[in-house]
Structures are given as structure tokens and as C-alpha cells.
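Visitor: Build out the structure end to end from the sequences listed, making use of the hints.
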Amino acid sequence: MHNINIWLESNTFHHSQFWDLLRLIRKKEELGLTISLCIPTLNEEKTIGKEVVLFKSELQDRYPLLDEIVVIDSGSTDRTLEVASAFGADVYSSADILPEQGFKRGKGENLWKAIYQLKGDIIVYVDADISNIHPRFVYGLVAPLIYRPEVQYVKSFYDRPLALSKEIRASGGGRVTEILVRPLFSLFFPELTAIIQPLSGEYAVRRQILEEIPFPIGYGVETSHLIDVYTQYGLEAFAQTDLDRRVHRHQEIRDLGKMAFGILQTFIKRLNANGMVVDLPQLTMNLRQFQVRESQYEQIIHEIVEEERPPMQEITAYQEKFSHL
Amino acid sequence: MDGAPETVRQLARMPGLATELEPYREMLLANVVMVGEIPAPTFGEEERIRFIKQRFTECGLQSCSSDEVGNGMGILPGARGDKTILVSAHADTPFAAGENHTFTIEPGIIRGPGVADNSMGLAVLATLPTVLEGLGIKLQSDLLLLAPTRSLEQGDQQGIRFFLSNSTIPITTGIVVEGSPLGRLHYRSMASLGGMISCIVDRKVCHLSAIEILNSLISQLGQIELCAQTNTAVVLGSVRGGVTYKLPARTAHLRFQLRSDADDKVNSINRQILSMLDDAAKQKGVSAYLEVIARTRSGGLEAAHPLVNTARKIMRTIGVQPKASIYSSTISPYLEQDIPAVCLGVSNGDNLNYADEYIEIEPMLTGLAQVIGLLLCIDGGDCA
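Protein chains in written order, with this note's numbering: chain A, 1 to 325; chain B, 326 to 709.
What the hints contain is simulated information worked out from the structure, not anything from laboratory work. Yeah, the Cβ is synthetic: ideal placement off N, Cα and C, and Gly gets one too.
Partial list, derived from the structure: chain A residues whose beta carbon lies under 7 Å from chain B:
1) K50
2) L54
3) K56
4) S57
5) S131
Guide: Shown next as C-alpha cells:
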């Protein structure tokens, strides 16, 4: 795993390396790049206002790094859209983008439609549920793409204070990462284990990469991106940036089970496509969980179908809109 | 409209000023969040001051620096620069560094520890240079923006006191900015003494509980003759003592404040308290003593002072009713140096010094407008 060590050394950053925003903006302008921020939302009225205010004020008005800030919503029933719009974001309902393609509910759907709706050469995705939001969540991810032309896809990772001693700190992902995704990567794509938090929801990607990969609409979108970009471009296409702390909602273990189920479907699909497993039986899309009610065990069946959107470059409307590129 | 010419000119501009400030709303909000999410307990403000200085540098201020007590400052040079107006907002909060400092922006309010006291005030400092430039305002006087450290509790306003005592720049006038409430117009300081009485019992020789001794002292405090004419009062702030219900307490502490319009009255009550403590300590195995946390002097501007009058007119012109209270300890360091100063609030807030502290978003541009209005009038020379 020599390659992992080299890559960790050369392609892993800390956001503080990019504190000089004036220099970053000069380089961006020199390269003639445009950058769009996409915030996918579903009922995020408590955190969206702060995100929009901070990014608009700091990364548009003070330092013009972002060319647009766009919220793409999956059908919030709270005041998410009203709040985001009031603080200056461009707001779209996912269902209204490429209506001829229909609407599917899921974060991956919003990310996919963002490729059509947003105009930037680079799209940076930031989740809306981060309560300690800070401009570093954007510039820390965008900077490696600006300074390093060979980098195509930048993932975030976060400090998790699991102190074992003064010298050693286990820096890793969340529960689903450590008990599902990293073991799977270790088996099938060992180099991808170097991505410290493969499921982190914040990443910046060049348009030419985004438009050529499929998008699972649900839980599997981050995993599929990593595998698809890796199999085509190798580990060298990736970089990762430490964004320090990320404070967000804690998910229940049952919800993590659903997430793991969706990710597993996406993963198996790619193993199949790459010929890494053969002769798998027809798999069920039902996740079975159990609960106890008055000393009786009840089975709860969740049907989780990890549908995928095709690469955006195959969509005629997209080809027409971006034909100049 | 009466008053000096510059004031009349500036008052005419005031009604529309809050609207002119609309484009800076997000910048002000972002600064509230950015500064407020950096913990700054009293005596631990370094990181927050570093951020403030970075903001000053970004705005092109000169002499962005810190002094020996960690105050953060920057200067916006005026066209003439023959006078210096000081605008200050204290940097510290009563919240420990380890507490959750996450802010939320909800429809109509910003919530978070210290948002009103005093992230909003600091945000005004950080935003002011950009706003003045954007509005095309070029002051004649130098504008010195200062974020003093060590203001609260044991800090005893050490930061601002140090600056005013040691600065080589003669300050003409001071504006102290606090986050809330809008309508605050403080221009006088009461004499005050904030202190902590500690009772300690050596259980080897005394079986009394320290709480009993403190209780007796509290009763005696209640019997001290107060003077209504000088608005003298004793405020019992907090009590702490013992560790378990099973054993007599070895220690007990009372935090309190004496306030009065008259310095003499505070001094004489202080002497009475010291005498009470001496008597209590005559008991075998008992010690009782006073630790002074903070002191302020009585004084300040008169209600008819041009600075106060102008501030009042500006507030009324933009529909803000000045609050009845005229006293704030923040004025004391200025009066100690004979510098005329007023303290203004930016917006309305509540739950001060609790984790769910909040401040309203809508009035804050009006609050910012009054600061700019007063600044212009002082700069025009009508407030001396």
C-alpha cells in the first residue's frame, strides 16, 4: 500500500493551509473558473439561515469565491425555502428541475439535478444540517481543485476526538463507515480506505467528473462516487481536507441500518459491474428490523430501493444547456 | 429642528439610514456568528481578539494590534485626524471555553451564548469600517475601534481601564456599544463595589457550619441603614457553600454588590461590612473576609450634556425611545479619565448570560444607524 502513504502525504490537507483567501481568489480568477455552492435540503429551517448568511457574506460579499449559492429542496414542509431565500440564496424545488425526468425523493436526486441547474465549473456540496458552519467548509474543499489541476474530487473529513494517548489519535469516520464501508473497501478497493471519511456529505468536484458518473438517489451516492471515480481515474484524482469539527444531528441506530442497507446495494451493484463478484442470486430490496411491543417481537419491513440516475451528460436537456462546454 | 448645524444636518439623514444599511445586514449577521462562536471567557479572549484584529486588517484599518492586556484595536484614519473618537465593545463573555458556543439563526432572531452580551456589539465594530466606506462617509476624526478584554466579574474592566490609562492617543469621546437593549442610553456610572464574602470554618476547633456564619452576616447586611436619597442598595447576587447535606459546611461564599449615587456611601458601608467580618472572625476557628471583585466610581455626564442630548435626539428621530435607566458600570473607566462617553444598545435581546440568550435581527440596523449617526455628530464637533 505504498500508494496510500504517498497519497496521504500529498493529497491530504488541513483547511488552515488555505487561509489566504485573497490568494485563492486571484488563482481562481487567473484560471477563469466559476464555483457554485449547492446545499441540498429537506426540512432544515433551523440551520439553513446561518449557512446561507455565512457563505453569502464571507464567500461572496467579502471574498468573491462563490459565483452562486443554491438551495435545492426535496419538498420541505417547514420554512426552509422561505428562510434560505430571505437570506439571499437561489432556491429551487428539486421537482421543478428537469421536470421531464420526474421527481424522486432523496439527497442524491438533489445533487444530480444540481449539475443541470448550477452553472459552475466546480460544484461544492455542503449539507444543511451543520450547526457549526464556517466558511472553511467551502474554501477548504475548493482550494485543492484550484491549486492542483490534476485533482478532480475533494472529500471532507472531520476531527473526531477519540484520544487514545497524547500522541495517537484514531481519526476515522462514523459508525457506518467503520463497520461497513471501510471493511468493504479493505476487501475490494483497498486504496479507497485512505479516504478518512468516505460518507462525509461535503465535497467539491469538477463538472466534467460530475456529469459522467451515475447518481444513486439515496444513501449510496457518496460510496458510488468514490468507486466510480476511482475505477476510472485512480486514487490520484482525489484529495481530502480536514475541516476540524462538524456538529450535526446524531442519527438513531435504526436509521443507520437503513443507510447501510442502501450503501450495500450500491456497492454490490458496482462489484457486479466490475466483475468482482459473479452469480449472485436475485437480492431482496427489503430491510427487516425488529421491535418489541408488549413482549412480542414485531417485524418491520422497509423497502429500500437504491435507484440511480444516469450520468447527466446522457440527458438531452443537459447536452443542450451546456453544449458550449 | 433645533441644535448645532452638523447635528441638524445629520438628523435629517437619520430616518433613511437604516434602509441604507440593508445591504450590510448579512455581513453584520455573519460577524455576530463568526465572533460569537469563538469562546472568550474573561481572561481567555485571545482567539476572539485575533479574529477581530483579522477583521480590522481586512477592512484596511491601521495599527491593528493588541496591548499588554490583550485588547484588540485598529484605527480608521480621519481626513484631519486632529481628534480621536473611540468606539468600544467588550470582548469577553461569562461562558466557559468548553461550553457549546454554536449559534442558530432563526426567523427573526439569533440565538447563542453571549449573542447579546456582547457578540452583537463586537459585530458592529467589525462591520463599521465596511459600512462607512460603502456609505461614502469619510470622518474628519480618527476612529479608534477597540475590543477590550477582562471586562466582566473579576475582570473588573481591566482591559478598557488599562487602555484609557496607558494610551498615548488622546481620546475625545467614547461610544460604548453593547448588544442590547436598543434604547439603552447610559451616560452615568453609580458608585459600586462588587465583592465576595467568604466564611471558612476549621472543623477541628469549631463545630459551626460556615453557612450559619454566612447567614448571620447576611442578616446583618439586611440591617445596614441604606440611604434612599442616594439610591443606595445592597444586592445579594449568589450564595455557595458546603458539599453535602451530611456534614456542616466548611466554606460558604456570598457574592454581592453595593451601589449608590455617592462614593462616600459605598465606602462607609464597605467599612461596616469589614467591621462585621472582623466580629465574625473573633469566633474560634472561624475566618471571614472580603474579596473585592469590581469597583466603579460615581459620576458621568449630565442629562443636558450635548453628547447625551444629541444621542437622545438621534434615537427619537429613528423611532427609538431612550430607556429610563441612565447608569452603567461601563461608563466608570471613562469618567475616571474625564472622557465624555455614552453607552448604546444595538438590538433587543433576552435570556442574557444563559445558553439560550438571543437577540432580535430586525431592529439591529436601526441600532447600527444610531451608532453611525452619533459618530457623525461627534465628528462634526457638536457634542463637545
